[in-house]
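**Student:** Below are the chains, spelled out letter by letter.
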Amino acid sequence: MTSAQRPLTGRAVVRVAVWTAVVGPLGWLAWLAFSGGLGANPIESLQHRTGHYAIRLLAASLAVTPLRQLTGWGWLIINRRTLGVGAFAWAVVHLSVYVGLDLALDFSQFFEDVFKRRYIAVGMLAIALLTPLAVTSTKGWIKRLGGAKWNKLHRLVYVAMLAATVHYLWAVKRDITLPVVYFVVVAVLLGFRVVMWRRRVTATRLSASVQQGT
Amino acid sequence: MLIKKPADIPSSEITPEAQYVNRRAFIGTAGALALAGLAAPGTLSACTPADNARPGEGEGLELEQDEKVTSEEDATSYNNFYEFGTGKEDPKRNAGSLRTSPWTVAVDGLVKSPKRWDLTALLAGLAVEDRVYRHRCVEAWSMVIPWQGVRLRDVINRLEPTPAAKFVEFTTLLDPQQMPGQRTNVLPWPYKEALRLDEAMHPLAMLATGMYGKSIPNQNGAPLRLVVPWKYGFKGIKSIVGIRFTTTLPGTTWNDAIPSEYGFYANVNPTVDHPRWTQAKERRIGEFLRRNTLMFNGYANEVGSLYAGMDLRKYY
Numbered sequence: 001m002t003s004a005q006r007p008l009t010g011r012a013v014v015r016v017a018v019w020t021a022v023v024g025p026l027g028w029l030a031w032l033a034f035s036g037g038l039g040a041n042p043i044e045s046l047q048h049r050t051g052h053y054a055i056r057l058l059a060a061s062l063a064v065t066p067l068r069q070l071t072g073w074g075w076l077i078i079n080r081r082t083l084g085v086g087a088f089a090w091a092v093v094h095l096s097v098y099v100g101l102d103l104a105l106d107f108s109q110f111f112e113d114v115f116k117r118r119y120i121a122v123g124m125l126a127i128a129l130l131t132p133l134a135v136t137s138t139k140g141w142i143k144r145l146g147g148a149k150w151n152k153l154h155r156l157v158y159v160a161m162l163a164a165t166v167h168y169l170w171a172v173k174r175d176i177t178l179p180v181v182y183f184v185v186v187a188v189l190l191g192f193r194v195v196m197w198r199r200r201v202t203a204t205r206l207s208a209s210v211q212q213g214t
Numbered sequence: 215m216l217i218k219k220p221a222d223i224p225s226s227e228i229t230p231e232a233q234y235v236n237r238r239a240f241i242g243t244a245g246a247l248a249l250a251g252l253a254a255p256g257t258l259s260a261c262t263p264a265d266n267a268r269p270g271e272g273e274g275l276e277l278e279q280d281e282k283v284t285s286e287e288d289a290t291s292y293n294n295f296y297e298f299g300t301g302k303e304d305p306k307r308n309a310g311s312l313r314t315s316p317w318t319v320a321v322d323g324l325v326k327s328p329k330r331w332d333l334t335a336l337l338a339g340l341a342v343e344d345r346v347y348r349h350r351c352v353e354a355w356s357m358v359i360p361w362q363g364v365r366l367r368d369v370i371n372r373l374e375p376t377p378a379a380k381f382v383e384f385t386t387l388l389d390p391q392q393m394p395g396q397r398t399n400v401l402p403w404p405y406k407e408a409l410r411l412d413e414a415m416h417p418l419a420m421l422a423t424g425m426y427g428k429s430i431p432n433q434n435g436a437p438l439r440l441v442v443p444w445k446y447g448f449k450g451i452k453s454i455v456g457i458r459f460t461t462t463l464p465g466t467t468w469n470d471a472i473p474s475e476y477g478f479y480a481n482v483n484p485t486v487d488h489p490r491w492t493q494a495k496e497r498r499i500g501e502f503l504r505r506n507t508l509m510f511n512g513y514a515n516e517v518g519s520l521y522a523g524m525d526l527r528k529y530y
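In order, the protein sequences belong to chains A and B.
198 is the number that my numbering gives to position 198 of the first sequence; each next residue is one higher, with no gaps.
Counting the second sequence from 1 gives a position; my numbering is that position plus 214.
Derived by calculation from the structure, the hints in this document are not laboratory data.
All C-beta atoms, glycine included, are put in the ideal place defined by N, C-alpha and C.
Some hints here could point you the wrong way.
For lysine-lysine, the following DSS-like pairs were computed, each having C-alpha atoms within a straight-line distance of at most 30 Å [claimed, not checked]:
{"#": "1", "chain 1": "B", "residue 1": "Lys302", "chain 2": "B", "residue 2": "Lys380"}
{"#": "2", "chain 1": "B", "residue 1": "Lys329", "chain 2": "A", "residue 2": "Lys173"}
{"#": "3", "chain 1": "A", "residue 1": "Lys173", "chain 2": "B", "residue 2": "Lys528"}
Interface residues of chain A toward chain B, partial, derived using beta-carbon atoms under 10 Å [as the list claims (entries may be wrong)]:
{"#": "4", "residue": "Gly72"}
{"#": "5", "residue": "Asp102"}
{"#": "6", "residue": "Leu103"}
{"#": "7", "residue": "Arg117"}
Label pairs and their computed distance ranges (CB to CB) [claimed, not checked]:
{"#": "8", "chain 1": "B", "residue 1": "Arg527", "chain 2": "A", "residue 2": "Arg68", "range": "35 to 45 Å"}
{"#": "9", "chain 1": "A", "residue 1": "Glu112", "chain 2": "B", "residue 2": "Met524", "range": "43 to 53 Å"}
{"#": "10", "chain 1": "B", "residue 1": "Val486", "chain 2": "A", "residue 2": "Arg118", "range": "16 to 26 Å"}
{"#": "11", "chain 1": "B", "residue 1": "Leu388", "chain 2": "A", "residue 2": "Arg174", "range": "30 to 40 Å"}
{"#": "12", "chain 1": "A", "residue 1": "Trp28", "chain 2": "B", "residue 2": "Pro402", "range": "35 to 45 Å"}
{"#": "13", "chain 1": "B", "residue 1": "Ala378", "chain 2": "A", "residue 2": "Leu178", "range": "38 to 48 Å"}
{"#": "14", "chain 1": "A", "residue 1": "Leu70", "chain 2": "B", "residue 2": "Asp525", "range": "52 to 62 Å"}
{"#": "15", "chain 1": "A", "residue 1": "Phe183", "chain 2": "B", "residue 2": "Asp487", "range": "25 to 35 Å"}
{"#": "16", "chain 1": "B", "residue 1": "Val486", "chain 2": "A", "residue 2": "Ile176", "range": "23 to 33 Å"}
{"#": "17", "chain 1": "A", "residue 1": "Arg118", "chain 2": "B", "residue 2": "Thr462", "range": "15 to 25 Å"}
{"#": "18", "chain 1": "A", "residue 1": "Gly191", "chain 2": "B", "residue 2": "Leu388", "range": "39 to 49 Å"}
Kindly produce the complete structure, drawing on both the sequences and the hints.
**Tutor:** Structural data, given as structure tokens:
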């Protein structure tokens, strides 16, 4: 049946695309490192690139729910975890490049940076918030916590997303074009949720008043 | 010794642009040079000590044992030149649109005779020197670059500022046609920089016309850029079209844009952090571990006296 096959192929395409987005950058970075494409300051280049991957994947994970609601493709949900955990993994790589390569494991400098530089502090906050979400991303943890609690905990992702965007904004020197673009994306993604939430509230009130009226 | 020929650059095979430009004036002005108390230009590889060096003053100008000249590829492909884009690779990609000849420099303010100089005339007869300098960016990366150019003081002497002049201000070309970055308002254009006149007269301050034994590439500030090695790189204004002498401290681009992060003096100082990062260390391009940043970028013996008694935390 073609009607059954089409959504299945669509699923596969999206799945492959999502995994490519998560793992592909690793190959790309390896190629750049191998070919000299990381430029004169490869550590800085790695820092910037890994940060972009993390923030983009996090935004992509937040786009899954709105896309599901807009398209009605419930099956998209499986990609949310892949993108979310992928974002966390790249955030960890980003942090590792900073501590391991840029600072060459100079931890006293690391702690000085965290406490003195607000953009680093807010970046650390983003990673700290994402950590429990990555840990509880498994089916086992969803069961253990129960859906409602799990959902509540995972709302931390909104704060993490904002923290990551602010981290980027505060880190750039002068040209804030890209941070602003990220902010707009985040505003759309979070704005969508606010709109949906208000609709739900209104709908609940409406149905409540209808029930009272009858 | 002040000047050091990088071992791996076959500069003997290339006539530097500035020297080429000056080829006629080279011989004719030997007398004037002597009058000005300058060493004869000599050959490229000559190790000419600073003419007015006090005993021991030249020491510290040599590179340390473990310091190497940065690869030409890196020095010409990793640049901050917002007139051609804010990414480090943008200037190399976009600077081809800059026309560097003919080139004029408008000189005004407190000088004997304000006028627009043709670049060739401005530099004619001045001693072209090789200087291998550390280059420390305010962003905590650094390079070692072999420059060719003239001493800024020689140019200033030629322009004859009046005794009232206390500062010298430089302006970059303003032309959004040639400089696509100027179509955005990421910085107020044109870029401006300035020095106290005594800083400008220091023998280490130079106007560079070449690097690595070739004419300076567009992305590095062709055809004329300032090099003040004891200051952060943003002081080294590129593609200069204006020089003005003033009594009052001129506004400078980064200082005006973000005064809390970029001072007027911008002397390299490991003890005064940038608000967003430490200045105690730097990444030398091509190296893995960060190096300790040196006071005045390693030129403290030469330039320290310019700032005697000044609070360098306040005047960063």
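**Student:** If a hint holds in the structure, say so; if it doesn't, say that too.
**Tutor:** Hint check:
1. Using a Cα cut-off of 30 Å, the hinted pair Lys302 of chain B and Lys380 of chain B is violated, with the two alpha carbons roughly 34 Å apart.
2. For the hint linking Lys329 of chain B to Lys173 of chain A, the alpha-carbon distance of about 37 Å lies beyond 30 Å, and the restraint is violated.
3. Of the supplied pair hints, the one linking Lys173 of chain A and Lys528 of chain B holds, its CA atoms being roughly 22 Å apart against a limit of 30 Å.
4. Nearest Cβ of chain B to the Cβ of Gly72 of chain A: about 41 Å, over the 10 Å cut. The hint is violated.
5. Restraint check, Asp102 of chain A versus chain B: the minimum CB separation of about 8 Å is within 10 Å; hint holds.
6. At about 8 Å, the closest approach between the beta carbon of Leu103 of chain A and any beta carbon in chain B falls short of 10 Å, and the interface hint on this residue holds.
7. Taking 10 Å as the C-beta contact cut-off toward chain B, the hint placing Arg117 of chain A at the interface holds, the least distance being around 6 Å.
8. Restraint check, Arg527 of chain B to Arg68 of chain A: a C-beta distance of roughly 55 Å breaks the suggested window 35 to 45 Å.
9. Between Glu112 of chain A and Met524 of chain B the beta carbon distance is about 26 Å. The supplied range of 43 to 53 Å is therefore violated.
10. The hint said 16 to 26 Å for the Cβ distance between Val486 of chain B and Arg118 of chain A, and at roughly 18 Å that hint holds.
11. Evaluation of the 30 to 40 Å hint for Leu388 of chain B and Arg174 of chain A yields a failure: the beta carbon distance comes to about 18 Å.
12. For the pair Trp28 of chain A and Pro402 of chain B, the beta carbons lie near 37 Å from each other, so the given range of 35 to 45 Å is met.
13. The supplied range of 38 to 48 Å is met by Ala378 of chain B and Leu178 of chain A, whose beta-carbon atoms lie about 46 Å from each other.
14. A beta carbon spacing of about 60 Å between Leu70 of chain A and Asp525 of chain B agrees with the range 52 to 62 Å that was offered as a hint.
15. Taken as a hint, the range 25 to 35 Å holds for the pair Phe183 of chain A and Asp487 of chain B, whose Cβ atoms sit roughly 27 Å apart.
16. Evaluation of the 23 to 33 Å hint for Val486 of chain B and Ile176 of chain A yields a pass: the beta carbon distance comes to about 25 Å.
17. For the hinted restraint 15 to 25 Å between Arg118 of chain A and Thr462 of chain B, the CB-CB distance of approximately 35 Å leaves it violated.
18. Range check, Gly191 of chain A to Leu388 of chain B: about 40 Å between beta-carbon atoms, so the 39 to 49 Å window is met.
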